[in-house]
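> Each chain is listed here by its residues.
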Amino acid sequence: MESDVYACFPQWANYSCAFRFIFEKGFEVNYLTPPPITKRTLEIGSKISPDYVCAPFKYCMGCYIEALEAGANCLMQIFGACRLNYYGELAEQILRDMGYKFNFFNMANIDFKSPKSILENFKVINPNASLVKIGMALPVTIKIVKTLDKFEDFIRHNVGFEINDGEFDKVYKEFLEKLNKINNKKELKRLNKEYWKKLHQIPINKPDKTIKVGLVGDYYTVQEPFSNYFMEKELAKFGMEIYREMNLTNTIIHSKFKKSLKTGKKYAKHNLGATGNYTVAEAIKFAKAGASGIIQVKSFGCMPEIDTMPILQNVSKDYNIPVLHFSFDSQTSETGVKTRLEAFYDMIEARKHK
Amino acid sequence: MKIGIPRAMLYFKNGKFWTTLFDELKIEYILSPETNKEIIDRGSKLAIDEACLPEKVMLGHVEWLIGKCDYIFIPRIEYCEGYEMCTRFLSLPDLIVNTFREKSPKILFYNITKNSRKGEYKAIKKMCKFLGIKRRKAKEAYIVAKQTQGYFEMFRAENQENLLSSSHKNKVLIVAHAYNIGDKYIGGNVLRILKELDCDAIIAEYANAQKCINLSKSVAKTLPWTYNKHLVGAIELYKDRVDGIILLTTFPCGTDSMVNEMVVRKYKDIPIVVLTLDSQDGSAGIETRLESFVDIMNFKKGEM
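Going down the list, the sequences are from chains F and W.
Counting in the numbering used here, the first sequence runs without a single skipped number right up to 354 at its last residue.
Counting in the numbering used here, the second sequence runs without a single skipped number right up to 304 at its last residue.
Chain F extracted, bound-state conformation (with noise of 0.2 Å):
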């Protein structure tokens, strides 16, 4: 590709896939597969943040070094409902203060009323930009996503049934290896029937009956495996089966916030901001299903999910469903997770014996 531009969006579970596909068909520039996330991006990132902001602004910010590092020459963020709206700010002005020059597409820019807004801001990214390109490839980079989130959530259900370990894994990363690489949308559909055939195949010794644990939380923490210390891998060596609604297909592309609210109604009149409804609505939709226990997982200091606890805990209490909060910040023990998960599922056992 002729374009020097190199974009790069933070590291987020595995939607790079999908990022690199409208950045390179759609704006016709780059796309720098940021780095993954390591101990060192956590350290970069804490040591240039605010002291009690988020987590996932200190993973964001380190990526952004490491991206800038690796050679990307445009940022980006998108914005939402609580802090997020004002990552995109502070964060720039935190890399040029340091002295890194690069171009920021920051969403919070967008007047989202105004087509002329938005081309303008478009053009950080590309100053040729053509809106048509980026609406051609829209489709498509929703279809990945889609996707996705399809694959990882049979993953999910059925990787700690697997007899020969790690051969959902190896499937999986063959699968996006060859994502990455795909130029329209008849390759996808090829790669998503081979691959899903692939995963039915694998050998799996699934019980009728399994253990099933709900995973709910906050954006970031939940979806990104590095900052909630691959919980999901942890949880599936305990032999259960786990559940997570919390994806880009459900948020943002199908949007099931009026479902959520009326999920939650019972405890939730009212908009709790950001994710607050969904994770009511998912726990609640867990119990109901027959789940053995719920985890919330979340940053410290997650405004919206903070004000979820005494509601989820009342939910623990009405379906009669353990409910373990785990919060993540930059200085979290990986052993202390180990153990509180151990602590969990031993209670989850006890209580099915009862």
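Because the hints were derived from the structure by calculation, they are not lab data.
Glycine included, every Cβ here is placed at the ideal spot set by N, Cα and C.
Watch out, some of these pointers could steer you wrong.
[As the list claims (entries may be wrong)] Listed next, the in silico SDA-like pairs over lysine to any residue satisfying Cα-Cα at most 25 Å (straight line): (1) Lys221(W) x Ile94(F); (2) Lys233(F) x Arg340(F); (3) Lys266(F) x Leu131(W); (4) Lys288(F) x Phe100(W); (5) Lys269(F) x Cys69(W); (6) Lys285(F) x Asn320(F); (7) Lys269(F) x Gly132(W); (8) Lys116(F) x Ser218(W); (9) Lys129(W) x Asn271(F); (10) Lys317(F) x Arg42(W); (11) Lys317(F) x Cys69(W); (12) Lys265(F) x Asn111(W); (13) Lys118(W) x Asp111(F); (14) Lys317(F) x Glu78(W); (15) Lys259(F) x Glu78(W); (16) Lys101(F) x Phe109(W); (17) Lys266(W) x Lys116(F); (18) Lys317(F) x Ile48(W); (19) Lys221(W) x Gly99(F); (20) Lys266(W) x Gly99(F); (21) Lys47(F) x Val273(W); (22) Lys262(F) x Pro93(W).
[To be verified] Covered stretches of chain F (in silico footprint by chain W; criterion: 3 or more residues with CB under 8 Å from a CB of chain W, positions within the stretch not fixed): (23) 50-58; (24) 89-100; (25) 106-119; (26) 271-281.
Once you've looked at the hints, dock chain W against the given chain F.
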């Protein structure tokens, strides 16, 4: 019917408006007492550990009111002056219902969900309908209450302008949310210590809201929260006429955690100190920090 108003959070912003409204509507109300140790301790026990200090204070006040009145008045405000609010003000009624579920208190609230100029009036009208008050009476009461609040704020802002132009002492701008600086138990200590150190406290929150919000756009363009916009704008308004700035926040305030960082980065040629308070603070630590802050201000003044 008796309504209980907790002396916490938005009371410090809209106190005059609320009390006048209920006076005009001839509805009896009681106010919870000034925050004290007992209320904070009770609130901390009731709240989630991570919750912010104002929320803990709020829960303490609500508990004090339960049993002493028929309804507890907790408005729910999503938008104010055209911008959004911290999510805490969105979830407050539901949070209180869930926290005190065993005692099942009745909550009275007006609910501003739309970002429009008439949003507040419509919400009040709806609340009055719930209370069985005629529409005309509700409108009259609303107008009187709104004007009272408006005059009160105007008077406060003018007083501050006079103080700024007449005072020859060290002038310190205190940037804090209304519910932090207004609450004597939280912000009162800082005001007392500043007085002892012979400084005049200029309170950012007293400045005209609309003017400040417009000014804030030049400092922080995409800042989403009304109250933080107000405070940032007030810094821009007063910055040339004060000797130092105190950013007074409570732990762990979500919005302030980001905005303070921005302010510190934007205003580099004026002394700034960030004071973070929580429920267990004695005043000795604050005293030492403020003393040294005053020294810095004096040093800077002498140098120039």
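> Mind checking the alpha carbons of lysine 262(F) and proline 93(W) for me, to see if they're no more than 25 Å apart?
holds (17 Å)
> Is the Cα-Cα distance between lysine 129(W) and asparagine 271(F) 25 Å or less?
Satisfied, since the Cα-Cα distance of roughly 22 Å is no more than 25 Å.
> Does lysine 101(F) pair with phenylalanine 109(W) here, judged by a C-alpha cut-off of 25 Å?
Given that 25 Å is the threshold and the Cα spacing comes to 49 Å, the pair is violated.
> Are lysine 285(F) and asparagine 320(F) close enough, with their CA atoms no more than 25 Å apart?
holds (13 Å)
> Lysine 288(F) and phenylalanine 100(W): Cα distance at most 25 Å?
holds (24 Å)
> Are there at least three residues in the stretch 89-100 of chain F whose beta carbon sits under 8 Å from a beta carbon of chain W?
holds (count 5)
> Just to be careful, I want the Cα atoms of lysine 116(F) and serine 218(W) compared with a cutoff of 25 Å; is the pair within it?
holds (22 Å)
> So is the stretch 271-281 of chain F in contact with chain W by the C-beta rule, three or more residues under 8 Å, or is the coverage claim wrong?
holds (count 5)
> For lysine 233(F) and arginine 340(F), compute the direct alpha-carbon distance and say whether it is at most 25 Å.
Answer holds: lysine 233(F) to arginine 340(F) is near 15 Å, not above 25 Å.
> Tell me if the straight-line CA distance from lysine 266(W) to glycine 99(F) falls inside 25 Å.
holds (15 Å)
> Quickly compare the C-alpha distance for lysine 221(W) and isoleucine 94(F) to 25 Å and report which way the hint goes.
holds (15 Å)
> Would the pair lysine 317(F) and isoleucine 48(W) pass a check requiring their Cα atoms to be no farther apart than 25 Å?
It holds: about 17 Å lies between the C-alpha atoms, which stays within 25 Å.
Against the hints set out earlier in the document, violations occur for numbers 11, 14, 16 and 17.
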